[in-house]
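Each chain is listed here by its residues.
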Amino acid sequence: VGDGYAALATAYEDERPLYEELARHLSGLLREEMERLALHTTVTGRAKEISSFVTKALLKGYADPLNEIGDKAGVRVTVVYAEDVPIVEEAVRRLLHVVGREQKLDALAYNETGYLGVHLDTRLRDEDVERLNVRLKGLRAEVQIRTMVQSAWAEVSHEQLYKPAAEVPDELKRQIYRLVSVVELFDLEVARFLDEARRTPGYAEAEALRPLGEELLQRFDIRRRADRQLSLTLAASLVPLYGLAPDEVYPQVLADWISANEEALRVQFAEAAALALNPLIHQPEVFIIFERLSNDTRRLEEAWPERLPRAWLVDLAEAWGTPVDE
Amino acid sequence: LDLRTLQLENLIIHRVPQKAAPGQPEVNPTLSDTADPQSDRVRAFFQRRIRDAIAKRGLAVEADPALDAGTIDAVRVALGDANEFAAQSRTIAQRLFNVQDRRNTEGILVIGVGVVGGSQTLVILKLEHEAGVRAEEVHLDDGSLTFRVVLHEDLLLTPKTLLFKAAVFAGDDGSFEALAADMQTTGGIADFFLARFLGCRLLENPSVTTERFFYTSEQWIGQLPDAEKRARYEIALLAEMHSGQQTIDPNAFARRALAVDEHQPYKETLQAAGLRFTQFPKDTSSIESRIRRIAYDFASGIKVVGRPEAMREHVEVEEGDDGSGSVVTITDELTRVHASG
Numbered sequence: 001v002g003d004g005y006a007a008l009a010t011a012y013e014d015e016r017p018l019y020e021e022l023a024r025h026l027s028g029l030l031r032e033e034m035e036r037l038a039l040h041t042t043v044t045g046r047a048k049e050i051s052s053f054v055t056k057a058l059l060k061g062y063a064d065p066l067n068e069i070g071d072k073a074g075v076r077v078t079v080v081y082a083e084d085v086p087i088v089e090e091a092v093r094r095l096l097h098v099v100g101r102e103q104k105l106d107a108l109a110y111n112e113t114g115y116l117g118v119h120l121d122t123r124l125r126d127e128d129v130e131r132l133n134v135r136l137k138g139l140r141a142e143v144q145i146r147t148m149v150q151s152a153w154a155e156v157s158h159e160q161l162y163k164p165a166a167e168v169p170d171e172l173k174r175q176i177y178r179l180v181s182v183v184e185l186f187d188l189e190v191a192r193f194l195d196e197a198r199r200t201p202g203y204a205e206a207e208a209l210r211p212l213g214e215e216l217l218q219r220f221d222i223r224r225r226a227d228r229q230l231s232l233t234l235a236a237s238l239v240p241l242y243g244l245a246p247d248e249v250y251p252q253v254l255a256d257w258i259s260a261n262e263e264a265l266r267v268q269f270a271e272a273a274a275l276a277l278n279p280l281i282h283q284p285e286v287f288i289i290f291e292r293l294s295n296d297t298r299r300l301e302e303a304w305p306e307r308l309p310r311a312w313l314v315d316l317a318e319a320w321g322t323p324v325d326e
Numbered sequence: 327l328d329l330r331t332l333q334l335e336n337l338i339i340h341r342v343p344q345k346a347a348p349g350q351p352e353v354n355p356t357l358s359d360t361a362d363p364q365s366d367r368v369r370a371f372f373q374r375r376i377r378d379a380i381a382k383r384g385l386a387v388e389a390d391p392a393l394d395a396g397t398i399d400a401v402r403v404a405l406g407d408a409n410e411f412a413a414q415s416r417t418i419a420q421r422l423f424n425v426q427d428r429r430n431t432e433g434i435l436v437i438g439v440g441v442v443g444g445s446q447t448l449v450i451l452k453l454e455h456e457a458g459v460r461a462e463e464v465h466l467d468d469g470s471l472t473f474r475v476v477l478h479e480d481l482l483l484t485p486k487t488l489l490f491k492a493a494v495f496a497g498d499d500g501s502f503e504a505l506a507a508d509m510q511t512t513g514g515i516a517d518f519f520l521a522r523f524l525g526c527r528l529l530e531n532p533s534v535t536t537e538r539f540f541y542t543s544e545q546w547i548g549q550l551p552d553a554e555k556r557a558r559y560e561i562a563l564l565a566e567m568h569s570g571q572q573t574i575d576p577n578a579f580a581r582r583a584l585a586v587d588e589h590q591p592y593k594e595t596l597q598a599a600g601l602r603f604t605q606f607p608k609d610t611s612s613i614e615s616r617i618r619r620i621a622y623d624f625a626s627g628i629k630v631v632g633r634p635e636a637m638r639e640h641v642e643v644e645e646g647d648d649g650s651g652s653v654v655t656i657t658d659e660l661t662r663v664h665a666s667g
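Chains as they are written, first to last, in the numbering used here: chain A, 1 to 326; chain B, 327 to 667.
What the hints contain is simulated information worked out from the structure, not anything from laboratory work.
This one's a predicted model, so the numbers in the text were calculated from it and none came from an experiment.
Glycine included, every Cβ here is placed at the ideal spot set by N, Cα and C.
Be aware that a few hints might be false.
Footprint (simulated), chain A over chain B, 3 or more residues, beta carbon under 8 Å [to be verified]:
#	stretch
1	330-341
2	363-377
3	584-597
Use the sequences and the hints to build the structure in full.
So, in C-alpha cells, the structure goes:
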C-alpha cells in the first residue's frame, strides 16, 4: 500500500498543476457568466488535494484512478434559490461539454433522505482547449451546483461523518441525516415564498428600483432607508409606464437620464433636506417620478396610486417645475 | 433657462408699502442695508416658489431699449459685482415703489443672487407680507438694518404666502436671458411691472406666439391617423381660439381636449417649435380669418364648412367600421339647396 500510495501521489502531483489551471479557468468562466445572468451565486474552484486523491483512490478501489476519478478539478456554484439550479446547469451546458450528470436526489428512494445537489461531469470545449492550453484537452472537471442550505448541510456532514478519526455511531449519523429533510423543506418553503411574493402587486416591478437605491446612496449620498411598502405601491403603478421589463428600465432609460439631470437632482435633494416636506424624496422611485414628470406628465398623473396622497405628487411636481393638476 | 438648477446664494429683503392715500402722511420703502444668505430652508423655499411661478406663468422677456433701463442697469451691475448687490437691490426696490400706485398692496421684495445652469442669476420676487412668510427687521451690531425671513412652517406645507410677481435674469458678461411671471393677472404681465418697473417687453409679440401655437397645433392634429379625433381636436383648438379667455394655456388645453396618451407627443411638438408649455397672452388678430370657419375636405371633393360651434353641435365624424372611410353625420335642418360655382 505504501508503494502504491507514493506512486499514485507522484503521478497525480505531476498532473495537478494542469487541474489547478483547469479549475481556475472554469471558476472564472462561470463567475463571469453568473454575473452576466445577474444570478446571486458564489463560485469557487480547486484542484483536489494530493492526499484526498490518493485516499479516495485507495479506499474506493479504482483500477485506474488517474482516469476514473472525475473530480480532480472541481468547481462549486452555490445559489441562493433552488429555482436557480437549472439556470446554472443550462449555463454550464452552454459553456462546457457535459459528459455526465448526477443528481443525488434521483438516486434516493421516496423514503430516503440525503444530499440533493447536482453534479456535472464536464470537459472543456475543443475550441477553448485550443485557445487556452492543449494539454487541458480531455481533462475532466466536476461542476457541483447546490443551494446555500444544501451546501451548509454538505459541509457539516462531511466534517462530522468523514473527517473524525473514529467511526461515528449510526445513531449520530442519523441525527445528521435527519437534518437533510430540513434542508429540503427549507428550499421548498423559500420557493413557495418566492412564488407568493411574485404575485404581490409591485414585487416584480420593484426590480426596477434596485439600481435606483444604489444611485441614491452612491451618487447622491442619501442614506435614509426606503419604505418598502411605499416602494411596492409606487413600483406597481409607475414602472409599467415605461412599457419595458422592470430590469430594463434603469439601463435603457434612467441611467442616462439621471446622469444628464444630476445637477437638478442635487438641487432637489438639497432643497428637500432643508424643507423636509415630502416622504417620497428619499425613496428610490423618486427618480422615476421626476423622469416621468419631465417626459410623460399626464400618464404619470393618471397612474398615481389612489391610496397615496396626491399632494405628494403635486409637491414634487412644483419642486421640479412641472405642475400637475391638484 | 433650466430653473431646476437654480441655487440662490445671497438674499436681500425690502419692504415696499402701499402708496399713501391723498392727504395721508407720505410713506417710504424700508430698505435693508445688508444682504444675508438666510438659512438653507429660506433659500430652498424661495427657489421652489420661483420655479413654480415661472413654470405656471413664466414668459420670456427682454430689455426694451425704448423704456427706462433703471432696473435693468441695476441688475447688470449686481450680476457683475457681488459687492454691489445690496446697493443695487435698494435701487430696484425704490424703483418698484416709485412705479406703483395706490392699487398695489404692500409687499416684501425679495432679491436674490445665485447660479442657474452655470450662469450668474438675479431673481426678483414680490410677495405678500404677513401670511406664510414674515420679514422681521433686525438691527445688526454696526447699526445697519436688515430683514430676516421668518417662515411659518404650517403655512409652508401648503404655501399660503402669495407670490405676486417674479422675474429671473441669468447670464454673464452683461447679456442675459430673462423670464417674468405675474401671478395676479390672467392676461400676461401687468404693464407697471413689466414695462415701467423692469423696463422690459415680451420677447415675442403675443399675436406671433398665438399664431405659432395655432399652426403648430393644427399641424400636429393633422398628422393623427384617426379622422374622428382630428375633427374633435380641431374643433377644440378653434374653441380655444374663440374663447373669451385672455390667455392660452397649452397645458390646460391639452388636458381638456386630448387623450392622455397624446399629451406628451403634443407637448414635445410645441416645445420643438420653441413654444413654452405655459400660459401666454392670447392675440388672434393675425389669424382672425383663419379661425372663423372650420372645413372638412373629403377625397371625393365634397367639402363641409361651418362655424366651429355649429360644427361641434351638428356634425359627427366617425371612422367606418370596415376601414373604408369616414362616416360624417350632419344633424340639422336643410334650409336651401342651390348650385354653387
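Taking the hints in turn, this is what the structure says about them:
no. : hint    : verdict
1   : 330-341 : holds (count 4)
2   : 363-377 : holds (count 9)
3   : 584-597 : holds (count 5)
Comparing the model with each earlier hint shows no violations; every hint is respected.
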